[in-house]
Amino acid sequence: MSLSMNDRLTLLQYAINKYNSEKTLKEKLSGILSTKEIERGIDTLIATQRVRRIGTDAIENNVSHTELPELPDTLRELADKI
343 MSLSMNDRLT LLQYAINKYN SEKTLKEKLS GILSTKEIER GIDTLIATQR
393 VRRIGTDAIE NNVSHTELPE LPDTLRELAD KI
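Under the working numbering, residues 343 to 424 are what the sequence shown spells out, in order.
Keep in mind that the hints were calculated from the coordinates and are not lab data.
Do not rely on the hints blindly, as some may be mistaken.
Taking lysine-lysine pairs in the DSS-like style, the calculated list, with each CA pair at most 27 Å apart, reads [as the list claims (entries may be wrong)]:
no. : residue 1 : residue 2
1   : LYS423    : LYS360
2   : LYS423    : LYS378
3   : LYS423    : LYS365
Computed beta-carbon distance windows for the label pairs [as the list claims (entries may be wrong)]:
no. : residue 1 : residue 2 : range
4   : SER406    : GLY373    : 29 to 37 Å
5   : THR386    : THR416    : 28 to 36 Å
6   : GLU381    : LYS423    : 32 to 40 Å
7   : GLY397    : SER344    : 30 to 38 Å
Ideal Cβ positions, reconstructed from N, Cα and C, are used throughout, including at glycine.
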């Protein structure tokens, strides 16, 4: 399944909502995204202030700055699997 950049970022935000450990995120998403895609997505989300780093391995959605995007039906099944 080929995901657009926006789909990857949305999926990442929902995964971050479930697991705030970067290491755990990489483990849970490894079957869907490559490690490089996950790292690039996290960097993009941090740069756009949708996610913030709160420790050496901990990240969280920056809900005080922006809301979680709506989860499209096409991503719902993937998000439920993680």
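Now the hints, each set against the structure:
1. LYS423 with LYS360: holds, 11 Å
2. LYS423 with LYS378: OK: LYS423 and LYS378 at ~20 Å, within 27 Å.
3. LYS423 with LYS365: Holds: LYS423 and LYS365 sit about 17 Å apart, inside 27 Å.
4. SER406 with GLY373: 29 to 37 Å: holds, 32 Å
5. THR386 with THR416: 28 to 36 Å: Violated, since THR386 and THR416 (Cβ atoms, about 20 Å apart) do not stay within the stated range.
6. GLU381 with LYS423: 32 to 40 Å: Between GLU381 and LYS423, where Cβ atoms are some 21 Å apart, the hint is violated.
7. GLY397 with SER344: 30 to 38 Å: About 33 Å separates the Cβ atoms of GLY397 and SER344, which means 30 to 38 Å holds.
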